[in-house]
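Given the sequences, and given the hints that come with them, work out the whole structure.
Here are the chains, one letter per residue:
There are 2 protein chains.
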Amino acid sequence: MKKSRKKSRKGSGKCPIHFALEVFGDKWSLLIIRDIVFKGKSCYGEFLHSPEGVSTNILANRLAKLEANEILTKTRDPENLAKFQYDLTQKGLDLIPVLLAMTEWSAKYDFHPNNGRNIIHGAPEDLLERNKLDHDAIVAELSENIRARKEN
Amino acid sequence: MKKSRKKSRKGSGKCPIHFALEVFGDKWSLLIIRDIVFKGKSCYGEFLHSPEGVSTNILANRLAKLEANEILTKTRDPENLAKFQYDLTQKGLDLIPVLLAMTEWSAKYDFHPNNGRNIIHGAPEDLLERNKLDHDAIVAELSENIRARKEN
Numbered sequence: 001m002k003k004s005r006k007k008s009r010k011g012s013g014k015c016p017i018h019f020a021l022e023v024f025g026d027k028w029s030l031l032i033i034r035d036i037v038f039k040g041k042s043c044y045g046e047f048l049h050s051p052e053g054v055s056t057n058i059l060a061n062r063l064a065k066l067e068a069n070e071i072l073t074k075t076r077d078p079e080n081l082a083k084f085q086y087d088l089t090q091k092g093l094d095l096i097p098v099l100l101a102m103t104e105w106s107a108k109y110d111f112h113p114n115n116g117r118n119i120i121h122g123a124p125e126d127l128l129e130r131n132k133l134d135h136d137a138i139v140a141e142l143s144e145n146i147r148a149r150k151e152n
Numbered sequence: 001m002k003k004s005r006k007k008s009r010k011g012s013g014k015c016p017i018h019f020a021l022e023v024f025g026d027k028w029s030l031l032i033i034r035d036i037v038f039k040g041k042s043c044y045g046e047f048l049h050s051p052e053g054v055s056t057n058i059l060a061n062r063l064a065k066l067e068a069n070e071i072l073t074k075t076r077d078p079e080n081l082a083k084f085q086y087d088l089t090q091k092g093l094d095l096i097p098v099l100l101a102m103t104e105w106s107a108k109y110d111f112h113p114n115n116g117r118n119i120i121h122g123a124p125e126d127l128l129e130r131n132k133l134d135h136d137a138i139v140a141e142l143s144e145n146i147r148a149r150k151e152n
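As they're listed, the protein sequences go chains A and B.
In terms of this note's numbering, the first sequence is residues 1 to 152.
In terms of this note's numbering, the second sequence is residues 1 to 152.
Derived from the structure by calculation, the hints contain no laboratory data.
Mixed in with the good hints, there may be bad ones.
Heads up, the list lumps identical chains together, so a pair's fine if it works in one copy or across two of them.
What the hints assert, rightly or not - List of simulated lysine-lysine pairs, BS3-like, C-alpha gap at most 30 angstroms:
(1) Lys150 x Lys83
(2) Lys108 x Lys150
(3) Lys14 x Lys91
(4) Lys108 x Lys74
(5) Lys83 x Lys65
(6) Lys150 x Lys14
(7) Lys150 x Lys91
(8) Lys39 x Lys74
(9) Lys74 x Lys14
(10) Lys14 x Lys27
(11) Lys39 x Lys27
(12) Lys27 x Lys132
(13) Lys27 x Lys108
Keep in mind the model is a prediction, meaning the values are calculated, not measured.
The following block contains the structure:
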């Protein structure tokens, strides 16, 4: 424990891109974060039923890794104590700009009719236009939506 | 071949985050792109000697995949015809905002003394400050640096 605190103060010594990739840069971790940010999901069963078809062992492994890296917190659902709910920490919410940059890129290079639209649970449809005009405002709004869901 | 063209016109049908992850979202692909954008690398031997220690078979596989996905072009080095050089296409250059968003996040959550600084080959040191003030300008400058290297 002492060792890990010391390590965290000194930093990983990795280049910033490598550090980011080690923490959240695998497909399944980013799809879990996407599910929370854009699809309003918060529990194991919801993540499991995403269209990409994650397996139970990979999902459990990535949730534990994201929790260990302080991207997610895991708490008992107050309405059903047998169930856990996963929420993004501030460190996790701060990944929203990475997701937005990826969405911008895909909207340009993939031709999905809904690309960049209708992907946010209960949020406005003009995400990418507004992201270009006022990136900070859209990041704040998405973070606020997620915090509000957590409190309700 | 026809089938794949048709698929590309219709779009992948995936959500934008999933599409992006399928094209460039594995650790080694992003480290190759980082090496080109921030470290001025352009050939197989240079990628192989990055500190993360990629194996030859993974490196060859990811270079081929990035070329197939039109992120990179592979051409013979005009000064040494036995050597190939890899350059980012516009589709690849358009990933710079994703790398910048990852760098911003790591600079906040990792404590590497050089985080976000000195990581750009021949570019100014105040990358992250300038990215906050004028994101479009820093993306254009990085793209321009890469194009200029290619031409020299």
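We went through each hint and held it up to the structure:
Proximity of Lys150 to Lys83 under the C-alpha cut-off of 30 angstroms is restricted to the intra-copy arrangement: shortest distance 15 angstroms within a copy versus 55 angstroms between copies. Taking the closest pair of Cα atoms, Lys108 and Lys150 come within 30 angstroms of each other only across two copies (24 angstroms); inside a single copy the shortest separation is 32 angstroms, beyond that limit. Both within a single protomer and between protomers do Lys14 and Lys91 lie at most 30 angstroms apart by alpha-carbon distance, with minima of 18 angstroms and 27 angstroms respectively. In this assembly of identical chains, the alpha carbons of Lys108 and Lys74 lie at most 30 angstroms apart only when taken from different copies (23 angstroms versus 35 angstroms within one copy).
In this homomeric assembly, Lys83 and Lys65 come within 30 angstroms of each other (Cα to Cα) only inside a single copy, at 19 angstroms, whereas the closest approach across copies is 41 angstroms. With identical chains, the CA atoms of Lys150 and Lys14 are at most 30 angstroms apart between copies only, with a shortest distance of 27 angstroms across copies and 33 angstroms within one. Taking identical chains as interchangeable, the C-alpha atoms of Lys150 and Lys91 lie at most 30 angstroms apart only when both belong to the same chain, with a minimum of 16 angstroms there against 37 angstroms between chains. For the homomeric pair Lys39 and Lys74, the shortest alpha-carbon distance inside one copy (18 angstroms) is at most 30 angstroms, but the shortest distance between copies (38 angstroms) is not.
Proximity of Lys74 and Lys14 under a CA criterion of 30 angstroms is satisfied in both settings, with 28 angstroms inside one chain copy and 28 angstroms between copies. Taking the shortest alpha-carbon separations for Lys14 and Lys27, both the intra-copy value of 20 angstroms and the inter-copy value of 13 angstroms come in at or below 30 angstroms. For the homomeric pair Lys39 and Lys27, the shortest alpha-carbon distances inside one copy (17 angstroms) and between copies (25 angstroms) are both at most 30 angstroms. Taking the shortest Cα distances, Lys27 and Lys132 sit within 30 angstroms of each other both inside one copy (25 angstroms) and across copies (27 angstroms).
When the C-alpha separation of Lys27 and Lys108 is checked against a cutoff of 30 angstroms, the pair qualifies both within a copy, at 20 angstroms, and between copies, at 22 angstroms.
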